[in-house]
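Note that the protein sequences, when read in sequence, are chains X and A. Residues 17 to 195 (the working numbering) make up the first sequence, in order. Residues 99 to 282 (the working numbering) make up the second sequence, in order.
By construction, these hints were calculated from the structure, which means they are not laboratory data. All values reported here derive from a predicted model rather than from experimental measurement. Heads up, some of the hints might be wrong.
[Unchecked claim] A few chain A positions that, by computed beta-carbon distances, are all more than 10 Å from chain X:
| hint | residue |
| --- | --- |
| 1 | D142 |
| 2 | T169 |
| 3 | I180 |
[What the hints assert, rightly or not] If you want a taste of the chain A side facing chain X, the calculated C-beta under 10 Å gives, among others:
| hint | residue |
| --- | --- |
| 4 | E103 |
| 5 | K112 |
| 6 | E119 |
| 7 | F130 |
| 8 | M144 |
| 9 | D181 |
| 10 | L220 |
| 11 | L225 |
| 12 | A243 |
| 13 | Y249 |
| 14 | M264 |
| 15 | K272 |
Just so you know, even glycine gets a beta-carbon here, dropped at the ideal spot from N, CA and C.
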Amino acid sequence: MRDCEAIKKSLGAWLDGELDAAQAAEIQLHVQGCASCSDEKGRLERLDFSLKRLLETNASQIDFKTFWAGVSQRIAADVSWSTRAMDWVRAVFFTPRLKWAVSATVVVLVAVLSLDQFFPGWRGNGQTNMASVESIDGHGFNVALLREAKTKTTVIWLFENQESEDETPTESASGDTAF
Amino acid sequence: METTEWELIRKCQKGEVAAYEELAAKYYRRVFMVILGMVHHRDDAMEVAQETFYRAFKNIRRFKGGSNFYTWVYRIAVNLAIDFQRRQKRSLMDLKENMDEVVVDAETSSGDPFREINDRRLGEKLLHAINELTPDHKAVIVMRAVEGLSYKEIGRIMECSEGTIMSRLHYARKKLQEKLGTDL
Ligand SMILES: [Zn+2]
Numbered sequence: 017m018r019d020c021e022a023i024k025k026s027l028g029a030w031l032d033g034e035l036d037a038a039q040a041a042e043i044q045l046h047v048q049g050c051a052s053c054s055d056e057k058g059r060l061e062r063l064d065f066s067l068k069r070l071l072e073t074n075a076s077q078i079d080f081k082t083f084w085a086g087v088s089q090r091i092a093a094d095v096s097w098s099t100r101a102m103d104w105v106r107a108v109f110f111t112p113r114l115k116w117a118v119s120a121t122v123v124v125l126v127a128v129l130s131l132d133q134f135f136p137g138w139r140g141n142g143q144t145n146m147a148s149v150e151s152i153d154g155h156g157f158n159v160a161l162l163r164e165a166k167t168k169t170t171v172i173w174l175f176e177n178q179e180s181e182d183e184t185p186t187e188s189a190s191g192d193t194a195f
Numbered sequence: 099m100e101t102t103e104w105e106l107i108r109k110c111q112k113g114e115v116a117a118y119e120e121l122a123a124k125y126y127r128r129v130f131m132v133i134l135g136m137v138h139h140r141d142d143a144m145e146v147a148q149e150t151f152y153r154a155f156k157n158i159r160r161f162k163g164g165s166n167f168y169t170w171v172y173r174i175a176v177n178l179a180i181d182f183q184r185r186q187k188r189s190l191m192d193l194k195e196n197m198d199e200v201v202v203d204a205e206t207s208s209g210d211p212f213r214e215i216n217d218r219r220l221g222e223k224l225l226h227a228i229n230e231l232t233p234d235h236k237a238v239i240v241m242r243a244v245e246g247l248s249y250k251e252i253g254r255i256m257e258c259s260e261g262t263i264m265s266r267l268h269y270a271r272k273k274l275q276e277k278l279g280t281d282l
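All chains, please: the whole structure from these sequences, using the hints.
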């Protein structure tokens, strides 16, 4: 049998329902026959009850609308921040990347086809394979013309003028509907 | 976990704010209570509780359903409240002011004038006493007394063993009883 001091140490856990059946039975029996431990049990119960009541009363005065306003504001601010960040990422990387990819492809093609001028016979057949590239600025479009004499191949490369696209997106859209 | 709650969570994980509003409506008072018990000032508790629900929404994809939603939210709440207390060094004057505010409001809900006086005195003493506990001790006593969470659940939230929770609770209750003396 444990003494009052040991029982009092376990009273909290007993009231919380955290002891096994044997321990719980021992404490219950002791408390029933001991005024001091019974009094301690009452004090513990009043402590938890008072704390709960105090906090519950205060929490009951907080209305959800006011509470939610603060939460949704934070969510909205976060969403608009991430939207702005995505717009920025798109503006910086996505659109220009496409444009640069087009231009870069033209440059690489020209470079590859011009190799014969500097290193004749690099392909191993010893023949000169001259290619020429011409570029024409059209109205809203750029045209690149690639001519290769040996295979008599002509490649016409048509791509949108960057400046024209950036400046008049709405104009072209309205132009389409007009037709 | 109830199916409907899990459905709400799945919607939240897809970014549906309206579904999250439903979840928040269900739990905001419980979370607010726990935070108020730890930070004491109602405006501060409101701030921390709102931040808790914002962070929970932001990280809701990480919630896999292994535990109850509210214990998951409590973990965020308790961590934020502990951080808040460490940052906040409120003056004694400030503290006195906010305690009066909390206790007076608690008093108005009672209809019995005699009980109101006792409640007010006990409430004031209780808040003073709790404020002298460490953040960890405050967290366990509030979660147990207010929410009735099991030691296992509190241990999961605080990331420590059930034995630690039991000894923290014993210590916190003993300290509070000492402070409250004959008022209890
Ligand atoms: Zn005894």
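To see whether the hints hold, each was checked on the structure:
1. With a least CB separation of 12 Å from chain X, D142 (chain A) remains clear of the 10 Å interface cut-off, as annotated.
2. Its beta-carbon lying about 16 Å from the closest one in chain X, T169 (chain A) satisfies the requirement of being farther than 10 Å from that chain.
3. Its beta-carbon lying about 17 Å from the closest one in chain X, I180 (chain A) satisfies the requirement of being farther than 10 Å from that chain.
4. Interface restraint check for E103 (chain A): the shortest CB-CB distance to chain X comes to about 17 Å, outside 10 Å, so the restraint is violated.
5. With a least beta-carbon distance of about 14 Å to chain X, the hint placing K112 (chain A) at the interface is violated under the 10 Å criterion.
6. Proximity of E119 (chain A) to chain X holds as hinted, the smallest CB-CB distance being about 6 Å (cut-off 10 Å).
7. Residue-level restraint check for F130 (chain A) holds (minimum Cβ-Cβ distance to chain X is 5 Å; threshold 10 Å).
8. Proximity of M144 (chain A) to chain X holds as hinted, the smallest CB-CB distance being about 7 Å (cut-off 10 Å).
9. Interface restraint check: D181 (chain A) against chain X, minimum CB-CB distance 17 Å, threshold 10 Å, status violated.
10. For L220 (chain A), the suggested interface contact is upheld, since its CB lies about 6 Å from the closest CB of chain X, less than 10 Å.
11. Evaluation of the L225 (chain A) hint against chain X yields a held restraint, the C-beta minimum of about 7 Å falling below 10 Å.
12. Taking 10 Å as the C-beta cut-off, the interface hint given for A243 (chain A) holds, the closest approach to chain X being about 4 Å.
13. With a least beta-carbon distance of about 5 Å to chain X, the hint placing Y249 (chain A) at the interface is held under the 10 Å criterion.
14. The interface hint given for M264 (chain A) is met, as the beta carbon of that residue sits about 6 Å from the closest beta carbon of chain X, less than 10 Å.
15. Residue-level restraint check for K272 (chain A) holds (minimum Cβ-Cβ distance to chain X is 9 Å; threshold 10 Å).
Checked against the numbered hints listed earlier, the structure breaks hints 4, 5, 9; every other hint is satisfied.
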